[in-house]
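Just so you know, the protein sequences line up as chains A and B, in that order. Residues in the first sequence are numbered consecutively from 84, following my numbering. Residues in the second sequence are numbered consecutively from 84, following my numbering.
There's no promise every hint is true.
Quick look at which bits of chain A chain B covers, simulated, 3 or more residues with Cβ under 8 Å [claimed, not checked]: (1) 201 to 214; (2) 369 to 375.
Label pairs and their computed distance ranges (CB to CB) [unchecked claim]: (3) B:Glu343 to A:Gly267: 29 to 35 Å; (4) A:Gly129 to B:Glu364: 53 to 59 Å; (5) A:Ala344 to B:Asp268: 30 to 36 Å; (6) B:Arg298 to A:Trp269: 50 to 56 Å; (7) B:Glu325 to A:Arg379: 57 to 63 Å.
Take a look, some chain A residues computed to stay more than 12 Å from chain B by CB distance [as the list claims (entries may be wrong)]: (8) Lys99; (9) Glu114; (10) Asp118; (11) Gly129; (12) Gly148; (13) Leu178; (14) Ala226; (15) Leu252; (16) Pro256; (17) Thr258; (18) Arg295; (19) Gly300; (20) Arg322; (21) Glu325; (22) Glu381; (23) Ala388.
Think of the hints as simulated: they come from the structure by calculation, not from any bench. We put the CB at the ideal spot given by N, CA and C, even for glycine.
Protein chains: 2
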Amino acid sequence: MEPAAAPSQAGPPPLKGVLAPVITPFTGGLEPDPDRFNRHCAWLLGNGCAGLAVFGTNSEANSLGLEERRSLLEGLVASGVEPSRLLPGTGCCALPETVALSAHATALGCRGVLMLPPFYYKGVSEEGLFRSYSEVIQRVGDARLRIYLYHIPPVAQVGLPPALVERLLKAYPGTIAGIKDSSGDWANTEALLAYARDGLEVFAGSEVFLLRTLRQGGAGCITASANVNPGAIDQVHRRWREPSAPQLQSGIDRVRRILEAHGPMIPALKAVLAHFARDPEWTRVRPPLVELPGARVEALVRELAAAGFGMPGLGAGA
Amino acid sequence: MEPAAAPSQAGPPPLKGVLAPVITPFTGGLEPDPDRFNRHCAWLLGNGCAGLAVFGTNSEANSLGLEERRSLLEGLVASGVEPSRLLPGTGCCALPETVALSAHATALGCRGVLMLPPFYYKGVSEEGLFRSYSEVIQRVGDARLRIYLYHIPPVAQVGLPPALVERLLKAYPGTIAGIKDSSGDWANTEALLAYARDGLEVFAGSEVFLLRTLRQGGAGCITASANVNPGAIDQVHRRWREPSAPQLQSGIDRVRRILEAHGPMIPALKAVLAHFARDPEWTRVRPPLVELPGARVEALVRELAAAGFGMPGLGAGA
Numbered sequence: 084m085e086p087a088a089a090p091s092q093a094g095p096p097p098l099k100g101v102l103a104p105v106i107t108p109f110t111g112g113l114e115p116d117p118d119r120f121n122r123h124c125a126w127l128l129g130n131g132c133a134g135l136a137v138f139g140t141n142s143e144a145n146s147l148g149l150e151e152r153r154s155l156l157e158g159l160v161a162s163g164v165e166p167s168r169l170l171p172g173t174g175c176c177a178l179p180e181t182v183a184l185s186a187h188a189t190a191l192g193c194r195g196v197l198m199l200p201p202f203y204y205k206g207v208s209e210e211g212l213f214r215s216y217s218e219v220i221q222r223v224g225d226a227r228l229r230i231y232l233y234h235i236p237p238v239a240q241v242g243l244p245p246a247l248v249e250r251l252l253k254a255y256p257g258t259i260a261g262i263k264d265s266s267g268d269w270a271n272t273e274a275l276l277a278y279a280r281d282g283l284e285v286f287a288g289s290e291v292f293l294l295r296t297l298r299q300g301g302a303g304c305i306t307a308s309a310n311v312n313p314g315a316i317d318q319v320h321r322r323w324r325e326p327s328a329p330q331l332q333s334g335i336d337r338v339r340r341i342l343e344a345h346g347p348m349i350p351a352l353k354a355v356l357a358h359f360a361r362d363p364e365w366t367r368v369r370p371p372l373v374e375l376p377g378a379r380v381e382a383l384v385r386e387l388a389a390a391g392f393g394m395p396g397l398g399a400g401a
Numbered sequence: 084m085e086p087a088a089a090p091s092q093a094g095p096p097p098l099k100g101v102l103a104p105v106i107t108p109f110t111g112g113l114e115p116d117p118d119r120f121n122r123h124c125a126w127l128l129g130n131g132c133a134g135l136a137v138f139g140t141n142s143e144a145n146s147l148g149l150e151e152r153r154s155l156l157e158g159l160v161a162s163g164v165e166p167s168r169l170l171p172g173t174g175c176c177a178l179p180e181t182v183a184l185s186a187h188a189t190a191l192g193c194r195g196v197l198m199l200p201p202f203y204y205k206g207v208s209e210e211g212l213f214r215s216y217s218e219v220i221q222r223v224g225d226a227r228l229r230i231y232l233y234h235i236p237p238v239a240q241v242g243l244p245p246a247l248v249e250r251l252l253k254a255y256p257g258t259i260a261g262i263k264d265s266s267g268d269w270a271n272t273e274a275l276l277a278y279a280r281d282g283l284e285v286f287a288g289s290e291v292f293l294l295r296t297l298r299q300g301g302a303g304c305i306t307a308s309a310n311v312n313p314g315a316i317d318q319v320h321r322r323w324r325e326p327s328a329p330q331l332q333s334g335i336d337r338v339r340r341i342l343e344a345h346g347p348m349i350p351a352l353k354a355v356l357a358h359f360a361r362d363p364e365w366t367r368v369r370p371p372l373v374e375l376p377g378a379r380v381e382a383l384v385r386e387l388a389a390a391g392f393g394m395p396g397l398g399a400g401a
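Chain A with its partners taken away, still in its complex shape (with noise of 0.2 Å):
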């Protein structure tokens, strides 16, 4: 019953549902370790992720080198993951490497990219910000571009408020497909889900959002706690039009609210899943992160298991 695609988007049809910024594995050198990546990926994408927005926020992304990032995104795709399904972040603060990583995984098929906006200088215009976004669409010169706006001020400290989303959308209608908004601020993300009807691909940057999203024409959510939570998460998307629809988005609020008590979120992500998986090797963060004491992480997965959570597929972990 999904609408057709408006005639002038082309490409494949809208990527709808839950979205993971798959966390990053380390090993004991601190270097990324692509194996466990790619399980993870393909536990993710068997247990309701409908795509993977790898290298987001939660992804340590912004810790990995350019070579690191393109290195695990071509292994990810080599181990099977249908490019189609990916949306790999790019949004660097330097613009030659915005355009590296942009025209890399364009060439790889991948469903779009998610950018976020040149982030170390603080106070920009607008006017900066839309050139931008606009000369790497002009460096990367390739038709399949897709991008993906990130919003997420409470990080980047950089935004893109909803008047130069508009003005990049009208300047590049088929190039600026869609946007997160993890800025936190539901207004923010109604604001945005006006533009929907332009074929604007809107997506919560957290599943607290997720019902009042669809309701309003977005496309899903692209959320930290769909690493651990994804079938969950998944299931108010599948169901959002019925009468049960309220108390599954209860049940992912609760997971999530136990989540943020125990944070910071990626290491208590990377805690739930080395519990669940029986593998203390995911526990590792990039510095500047460092990982949750473990008398933390004893009351997290305490918490979760006595709100009834578990990680299909990886065993049962307590």
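Chain A is fixed; fit chain B onto it per the hints.
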């Protein structure tokens, strides 16, 4: 009459005085312009700068790719600039990139590197930042590495509190050589100056604190305005013990206020240089920055001229 270098400090004597975070010229295609860059560096070293902090915030370094930085630095050294006068910025978000740039600059014989903390993830712990610098030092693995910490919370948002500086200094006494404090908070600079006794070279991040910094044993300043006003700032450094010092300080403060009033700083500096060098190519900035509007440039130049400001060796400009 300078005190002898502390016996525990290997390498060349401390770099003292005024350093410029050199602004970076771009071609019409927004590529770095090595010839203009080298010429400006030569002018700075001949007109008051003791050294060059190339690839600082005001260099738009965070808008430059790794290859662009390496190529500009190699070209600058090839142009005849002594590497012992260079303090290139090398701190990136991603560990392997900070390592690559720091190893490259060290191998070239640079005096040291000015190193931002990883700045994408916010609210990180002191432990995480300590591990970041530690890991860089281990990976570079070169006894010649000299790190100047770069504290600029208004832009990076991630700062380096004095307790962390002390911990790093104790853990790596030969390697942690100095700090640039761009907090704009004199109390913080004063707290850091306490470590000058232990050999830490403390640079104020703005010339407005130069006289106070020198009076408390600091090394000098690394300041944006040194790009256009190096001689007058250097006079404060050379004559800080003389009765005329406060008056000289007032003079450079006045120029600074004019630049700030018509800022943002980076396009303002470029506009001033373009005007006085009669070289409009200098006005270009890379997105996300934008050039200063013409009316603002006119007002800026008019006020500078009224204050008796000039750039010797570049022509009268007006």
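Okay, the hints, checked on the actual structure:
1. Counting residues of the stretch 201 to 214 of chain A whose beta carbon lies closer than 8 Å to any beta carbon of chain B gives 12, which reaches the threshold of three, so the coverage claim holds.
2. Residues of the stretch 369 to 375 of chain A with a Cβ under 8 Å from some Cβ of chain B number 5, which satisfies the need for three, so the listed coverage holds.
3. Taken as a hint, the range 29 to 35 Å holds for the pair glutamate 343 of chain B and glycine 267 of chain A, whose Cβ atoms sit roughly 33 Å apart.
4. At roughly 56 Å, the beta carbons of glycine 129 of chain A and glutamate 364 of chain B sit within the given window of 53 to 59 Å.
5. Alanine 344 of chain A and aspartate 268 of chain B have their C-beta atoms about 33 Å apart, which keeps the hinted 30 to 36 Å range intact.
6. With their beta carbons about 53 Å apart, arginine 298 of chain B and tryptophan 269 of chain A fall inside the hinted range of 50 to 56 Å.
7. The beta-carbon spacing between glutamate 325 of chain B and arginine 379 of chain A, approximately 58 Å, falls within the hinted interval of 57 to 63 Å.
8. The Cβ of lysine 99 of chain A lies farther than 12 Å from every Cβ of chain B, with a closest approach of about 29 Å, so its non-interface assignment holds.
9. Listed as outside the interface, glutamate 114 of chain A is inconsistent with that label: its C-beta sits roughly 9 Å from the nearest C-beta of chain B, within the 12 Å cut-off.
10. The claim that aspartate 118 of chain A is not at the interface with chain B holds, since no C-beta of that chain comes within 12 Å of its own (minimum 20 Å).
11. In this structure glycine 129 of chain A is separated from chain B by more than 12 Å, as the shortest Cβ-Cβ distance comes to about 30 Å.
12. Distance check for glycine 148 of chain A against chain B: the nearest CB is about 4 Å away, which does not clear 12 Å, and the non-interface claim fails.
13. At roughly 6 Å, the least C-beta separation between leucine 178 of chain A and chain B is not larger than 12 Å, which violates its mark as non-interface.
14. Taking the minimum C-beta to C-beta distance to chain B, about 22 Å, the non-interface status of alanine 226 of chain A holds against the 12 Å cut.
15. Under the 12 Å C-beta cut-off, the non-interface status given to leucine 252 of chain A relative to chain B holds; the minimum distance is some 18 Å.
16. Distance check for proline 256 of chain A against chain B: the nearest CB is about 21 Å away, which clears 12 Å, and the non-interface claim stands.
17. Annotated as non-interface, threonine 258 of chain A keeps its C-beta farther than 12 Å from every C-beta of chain B; the closest such distance is 17 Å.
18. At the 12 Å boundary, the C-beta of arginine 295 of chain A stays outside the reach of chain B, the nearest C-beta of that chain being 27 Å off.
19. Once the 12 Å rule is applied to beta carbons, glycine 300 of chain A is consistent with being away from chain B; the minimum gap is 30 Å.
20. With a least CB separation of 35 Å from chain B, arginine 322 of chain A remains clear of the 12 Å interface cut-off, as annotated.
21. No Cβ of chain B comes within 12 Å of the Cβ of glutamate 325 of chain A; the nearest lies about 38 Å off, and the non-interface call holds.
22. Non-interface call for glutamate 381 of chain A relative to chain B: holds, since the shortest CB-CB distance, roughly 20 Å, exceeds 12 Å.
23. Against the 12 Å criterion, alanine 388 of chain A stays outside the reach of chain B, whose nearest CB is about 28 Å from its own CB.
Of the hints listed earlier, those the structure fails to meet are numbers 9, 12, 13, in rising order.
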